[in-house]
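Novice: As a plain string of letters, each chain reads:
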Amino acid sequence: MPILQVKDVTKVYEGKVTNRAINQLSFDLAKGEFLAVMGPSGSGKTTLLNLISTIDKPTSGDIVFNYIKPQNLNKTELAFFRRRELGFIFQDFNLLPMLTVEENIVLPLTLDQQPVDVMEERLNTLAERLDLKPFMNKRPNEISGGQAQRVAIARALIHRPSIILADEPTGNLDSNNSREVLELLSKINKERQTTIVMVTHDPIAASFCDRVLFIKDGEFFNEIYRDDRRQTFFQRILNVLSLLGGGQVGDLSSIRLP
Amino acid sequence: MTFHQFAYRNVVRNIRIYAAFFMASFFSVFVFFIYSMLMFHPKIDNGFLGNVPIVWMVVAEIILVLFTWFFIFYSMKAFLEARSKEFGILLHLGMERKQLSKLVFIETIIIGLMSIVLGVIFGYSFSKFFFMIVREILMLEELPLYLSWEPFLLTFAVYLSAFVFISMVSVQFAPQRKIIDLMKGPKGVKYTVTYTKKRAYLGVIFILLGYCLAIVTTRTTLFSFTLFIPILITFGTFYFFSDSTQYFVESLKKRRSVYWKNSRMLPLAEQTFILKNNGKMFFVVTMVSTLAFLSVGLLSTLSSYTSQYDKLNPLGLVYKGHIDNPYEGTHISSLVSQLEDKGLSYHLTRFTVIKQTSSYTKYEVEVFRESDINSLLFSYGYPMVRLSEGEGMFIPYTEESVKKLKKKAVHTVLVENNIPIKIDQVYPKLIFPSSIVSLNSIIISDEDFAKLIKPYSGYPKVEPGYHLFTFDIPQWIDTTDIGLSIQHNVSAEYLKEKYLLPYYFENAGLNYSYILSTYSLFTLVGLLVAAVFLLAAGSFIYFKLHTNLEGERRKFDVLKRMGISDNELKKLVTKHLFPQFFLPWGVALSHSLFAFIAIQKILKHVANISIVKELIFAFLFLVLIQVIYFYLIRWRYISHVRD
Numbered sequence: 001m002p003i004l005q006v007k008d009v010t011k012v013y014e015g016k017v018t019n020r021a022i023n024q025l026s027f028d029l030a031k032g033e034f035l036a037v038m039g040p041s042g043s044g045k046t047t048l049l050n051l052i053s054t055i056d057k058p059t060s061g062d063i064v065f066n067y068i069k070p071q072n073l074n075k076t077e078l079a080f081f082r083r084r085e086l087g088f089i090f091q092d093f094n095l096l097p098m099l100t101v102e103e104n105i106v107l108p109l110t111l112d113q114q115p116v117d118v119m120e121e122r123l124n125t126l127a128e129r130l131d132l133k134p135f136m137n138k139r140p141n142e143i144s145g146g147q148a149q150r151v152a153i154a155r156a157l158i159h160r161p162s163i164i165l166a167d168e169p170t171g172n173l174d175s176n177n178s179r180e181v182l183e184l185l186s187k188i189n190k191e192r193q194t195t196i197v198m199v200t201h202d203p204i205a206a207s208f209c210d211r212v213l214f215i216k217d218g219e220f221f222n223e224i225y226r227d228d229r230r231q232t233f234f235q236r237i238l239n240v241l242s243l244l245g246g247g248q249v250g251d252l253s254s255i256r257l258p
Numbered sequence: 001m002t003f004h005q006f007a008y009r010n011v012v013r014n015i016r017i018y019a020a021f022f023m024a025s026f027f028s029v030f031v032f033f034i035y036s037m038l039m040f041h042p043k044i045d046n047g048f049l050g051n052v053p054i055v056w057m058v059v060a061e062i063i064l065v066l067f068t069w070f071f072i073f074y075s076m077k078a079f080l081e082a083r084s085k086e087f088g089i090l091l092h093l094g095m096e097r098k099q100l101s102k103l104v105f106i107e108t109i110i111i112g113l114m115s116i117v118l119g120v121i122f123g124y125s126f127s128k129f130f131f132m133i134v135r136e137i138l139m140l141e142e143l144p145l146y147l148s149w150e151p152f153l154l155t156f157a158v159y160l161s162a163f164v165f166i167s168m169v170s171v172q173f174a175p176q177r178k179i180i181d182l183m184k185g186p187k188g189v190k191y192t193v194t195y196t197k198k199r200a201y202l203g204v205i206f207i208l209l210g211y212c213l214a215i216v217t218t219r220t221t222l223f224s225f226t227l228f229i230p231i232l233i234t235f236g237t238f239y240f241f242s243d244s245t246q247y248f249v250e251s252l253k254k255r256r257s258v259y260w261k262n263s264r265m266l267p268l269a270e271q272t273f274i275l276k277n278n279g280k281m282f283f284v285v286t287m288v289s290t291l292a293f294l295s296v297g298l299l300s301t302l303s304s305y306t307s308q309y310d311k312l313n314p315l316g317l318v319y320k321g322h323i324d325n326p327y328e329g330t331h332i333s334s335l336v337s338q339l340e341d342k343g344l345s346y347h348l349t350r351f352t353v354i355k356q357t358s359s360y361t362k363y364e365v366e367v368f369r370e371s372d373i374n375s376l377l378f379s380y381g382y383p384m385v386r387l388s389e390g391e392g393m394f395i396p397y398t399e400e401s402v403k404k405l406k407k408k409a410v411h412t413v414l415v416e417n418n419i420p421i422k423i424d425q426v427y428p429k430l431i432f433p434s435s436i437v438s439l440n441s442i443i444i445s446d447e448d449f450a451k452l453i454k455p456y457s458g459y460p461k462v463e464p465g466y467h468l469f470t471f472d473i474p475q476w477i478d479t480t481d482i483g484l485s486i487q488h489n490v491s492a493e494y495l496k497e498k499y500l501l502p503y504y505f506e507n508a509g510l511n512y513s514y515i516l517s518t519y520s521l522f523t524l525v526g527l528l529v530a531a532v533f534l535l536a537a538g539s540f541i542y543f544k545l546h547t548n549l550e551g552e553r554r555k556f557d558v559l560k561r562m563g564i565s566d567n568e569l570k571k572l573v574t575k576h577l578f579p580q581f582f583l584p585w586g587v588a589l590s591h592s593l594f595a596f597i598a599i600q601k602i603l604k605h606v607a608n609i610s611i612v613k614e615l616i617f618a619f620l621f622l623v624l625i626q627v628i629y630f631y632l633i634r635w636r637y638i639s640h641v642r643d
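Chains R and X, in that order, are what the protein sequence lines are.
The opening position of the first sequence corresponds to residue 1 in full-length UniProt numbering, with each subsequent residue numbered one higher.
The opening position of the second sequence corresponds to residue 1 in full-length UniProt numbering, with each subsequent residue numbered one higher.
The reader is advised that the hints may include incorrect statements.
Derived contacts from chain X toward chain R, CB cut-off under 7 Å, selection only [stated by the list, open to error]:
1. Arg255
2. Ser257
3. Asn262
4. Phe273
5. Pro464
6. Val558
7. Met562
8. Gly563
9. Asp566
10. Lys570
Far from chain X, some chain R residues (derived; all Cβ distances over 12 Å) [said to hold, decoys possible]:
11. Ile63
12. Phe135
13. His201
14. Phe220
15. Glu223
16. Arg236
Simulated from the structure, these hints should not be mistaken for laboratory data.
Because the structure is a prediction, the values reported are computed rather than measured.
Glycine included, each C-beta is placed from N, C-alpha and C at the ideal position.
Model the full assembly from the supplied sequences, consistent with the hints where possible.
Specialist: See below:
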């Protein structure tokens with residue numbers, strides 16, 4: 001049984017200009033899988049992530065988590081669902097500047113009014129595993145980007161969610177920090193069987209995943225699975241991207257004739 | 001599109017952003033104009049408005065101008081800060097700093113002119129209403145609406161120069177920030193904590209010391225304390241907001257079992273930085289609100305005093321003299337002829353009061369005759385006193401003493417003449433003002449009074465009694481200029497070390513006119529000051545919130561994604577706003593509370609009135625306004641961060 005099912009999801013933004021951001025998209029996500037979603041700008045990646053995050057609702061189609069349909073929950077139940085089942089990692093970290101590192105990490109638990117000893121216990125194990133001990137009492141503006149993203153990952157993990165949603169987690173990081181963060185994510189994925197959905201632009205980041213899903217203009221384009229070597233996987237991702245992006249293989253130019 | 005058009009469209013199309021700044025300017029113009037209308041009123045002759053010297057109104061107006069300048073300057077700064085991102089984009093596109101100053105200048109002048117014109121229009125349309133209120137308060141015959149150029153010119157001149165000056169200064173002297181910093185939006189809050197333990201304790205100690213002094217204030221220490229207490233409280237309040245509050249929150253944060261529990265973490269962590277970044281502003285708000293509370297409280301006190309004055313001083317004129325007072329005949333006949341000249345009807349009662357020693361208290365007691373009292377009571381229209389031999393009745397000295405004396409029953413003997421008296425009743429109403437009779441005064445029957453032959457044992461060292469002449473005058477307010485020469489002698493004698501005159505005179509109408517003019521003055525000045533200060537105190541907080549709104553919205557975006565329900569969001573906002581609104585007010589309220597404890601004590605001593613009821617009413621009213629204001633802001637705030 002997949003942990004997440006996306007069935008024929010369509011999202012249309014109505015406004016002065018109607019925009020079909022996602023069109024008839026379907027895929028499943030198994031427990032413990034590390035999925036990357038790739039696509040050019042404006043392909044609907046962020047919309048898809050918002051739909052899975054339940055902060056937006058699909059126009060048609062279903063998104064099912066472990067038999068739960070978030071569409072059927074009311075606002076408060078949705079908030080509780082997000083708080084317990086989902087973990088978030090953002091491109092610009094979104095750590096709250098008035099809280100220290102450790103306070104930022106336990107924030108999801110305080111929102112859920114967990115007892116303090118539970119918080120401390122989980123904080124300690126996470127801090128050890130993610131190597132956060134040296135800067136636990138600093139503020140977000142006093143640590144580096146890589147450290148901040150590690151803190152954000154700890155925050156996404158502390159309440160033991162069933163799925164972690166990452167939106168361009170390496171978008172603001174240099175190559176070293178990127179690699180560190182990605183290795184950390186894949187380690188967590190291996191060790192704890194945590195399911196991760198990561199939206200990214202970066203083929204290197206995608207090459208750390210088990211599977212890459214390509215979307216274009218809101219529609220399914222292709223998907224490829226990881227093989228034994230990361231190097232060849234990376235090469236295959238690049239191939240698909242060249243088909244998807246600038247190459248315009250077998251396509252007419254963007255100015256269409258009548 | 002010309003540059004001027006750009007500036008104009010900036011204002012007109014973003015009217016919602018400019019609204020807060022506009023409203024603040026508009027209201028101060030409005031108040032200023034109304035007061036100028038009153039100041040230039042043609043009915044004001046000799047510089048007096050009713051009983052109020054116009055000088056004081058000018059002083060109030062100057063205070064108002066200074067304060068609104070500061071206020072406009074502050075809101076301007078907050079407003080520019082909130083728009084730093086916009087300025088960053090303009091500078092990025094290649095605008096010169098000079099052009100930016102010009103842009104801000106034109107925009108400010110547009111808003112300024114709009115607020116001045118609207119403020120004057122609204123002010124003029126409300127001034128008739130305001131004149132009606134003033135006429136009622138000052139009991140003037142009439143105060144018609146008029147049209148003249150002076151108030152218009154004054155308002156335009158004062159405010160236009162304010163806007164020109166402030167818009168130039170605020171741009172020129174604004175710290176120059178790099179474009180890249182400007183693009184990031186408002187400077188936001190600083191996240192380092194700065195407090196010292198010493199000052200934290202000092203703040204609390206100063207305030208408590210000030211309160212203690214206020215509690216122990218008596219009439220004699222009043223003057224030295226009134227200098228000392230405000231200094232203590234001012235410094236105490238400053239340290240309290242800059243250090244004590246931060247220290248308190250920080251020490252709370254050290255205890256995880258408190259800090260991390262029940263979603264307390266976020267609001268508590270926020271408070272540290274709110275307090276740190278706004279300490280000075282909170283201090284100003286607190287002091288300003290304290291002043292506003294004090295003026296509102298004083299107003300209600302004075303209003304209760306004036307309304308009770310009639311009851312506390314039932315007699316129009318009172319003349320009290322020694323038994324052998326040589327001036328008695330001339331004074332009384334001059335008073336009577338003056339009253340007759342003015343055509344005022346009066347009822348004159350002559351009392352002979354004899355002092356005796358009471359065996360019960362061992363002290364002197366002042367004895368009144370039943371028929372004398374009845375003569376006065378008859379003119380009041382009060383019920384008469386019926387006493388038989390051996391019976392006595394207390395004369396109440398204050399309203400409250402009626403209750404106290406009611407429960408008392410005393411068997412005493414007037415020692416000098418050995419007359420036993422049983423006193424077990426009290427006259428239920430105040431007969432004499434409290435300054436006239438002693439605390440120990442009784443009425444006895446005519447038969448017993450006739451037996452008082454032997455004088456008071458203290459005689460001749462102490463006067464054995466006195467003559468009392470009371471004029472009951474229905475139109476007592478009109479007696480202001482009766483007996484002025486006697487009044488003059490009496491008040492001159494009061495300034496000397498010892499009161500040696502053989503007579504004493506009290507003119508209730510004259511005293512009332514003094515009190516009324518002070519009251520009217522306080523009303524006019526106090527209302528103005530209170531209204532502007534309260535508005536300003538609220539606006540300071542509003543501007544601060546407005547500046548940080550963008551950052552707050554980002555914070556709530558993260559939280560919403562993480563999953564907080566609508567209810568929790570509202571709770572968070574409440575916890576975020578509540579201390580900012582009610583901490584300065586709470587401190588101001590407690591400051592003024594202790595100020596009034598001191599004032600009440602002195603008043604109790606001097607004028608014998610209780611101001612508790614009026615104060616509670618006035619303060620409840622203020623709290624109600626603040627609660628409404630809080631919910632209004634909270635509502636706007638929630639709708640801002642929710643979407």
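Novice: Please go over all the hints and tell whether each is borne out by the structure.
Specialist: How the hints compare with the structure:
At a threshold of 7 Å, the smallest CB-CB gap from Arg255 (chain X) to chain R is about 10 Å, leaving the interface hint violated. Residue-level restraint check for Ser257 (chain X) holds (minimum Cβ-Cβ distance to chain R is 5 Å; threshold 7 Å). Because the closest C-beta pair between Asn262 (chain X) and chain R is about 6 Å apart, less than 7 Å, the hint holds. At about 5 Å, the closest approach between the beta carbon of Phe273 (chain X) and any beta carbon in chain R falls short of 7 Å, and the interface hint on this residue holds.
At about 80 Å, the closest approach between the beta carbon of Pro464 (chain X) and any beta carbon in chain R exceeds 7 Å, and the interface hint on this residue is violated. Given hint, Val558 (chain X) at the interface with chain R, holds; its Cβ is 5 Å from that chain's nearest Cβ, closer than 7 Å. About 6 Å separates the beta-carbon of Met562 (chain X) from the nearest beta-carbon of chain R, less than 7 Å, and the hint is met. Taken as an interface hint, Gly563 (chain X) checks out: its beta carbon lies about 3 Å from the nearest beta carbon of chain R, inside 7 Å.
Checking Asp566 (chain X) against chain R by beta carbon gives a least distance of about 6 Å; that is within 7 Å, so the hint holds. Because the closest C-beta pair between Lys570 (chain X) and chain R is about 12 Å apart, greater than 7 Å, the hint is violated. Against the 12 Å criterion, Ile63 (chain R) stays outside the reach of chain X, whose nearest CB is about 16 Å from its own CB. A cut-off of 12 Å between C-beta atoms confirms that Phe135 (chain R) is not in contact with chain X; the least separation is 15 Å.
Annotated as non-interface, His201 (chain R) keeps its C-beta farther than 12 Å from every C-beta of chain X; the closest such distance is 20 Å. Look at Phe220 (chain R): its CB is around 26 Å from the nearest CB on chain X, clear of 12 Å, so calling it non-interface holds up. With a cut of 12 Å on Cβ distances, Glu223 (chain R) stays outside the contact zone with chain X, its closest approach being about 26 Å. The beta carbon of Arg236 (chain R) sits about 33 Å from the closest Cβ of chain X, which is more than 12 Å, so the claim that it is off the interface holds.
Going through the hint list in order, the structure does not satisfy hints 1, 5, 10.
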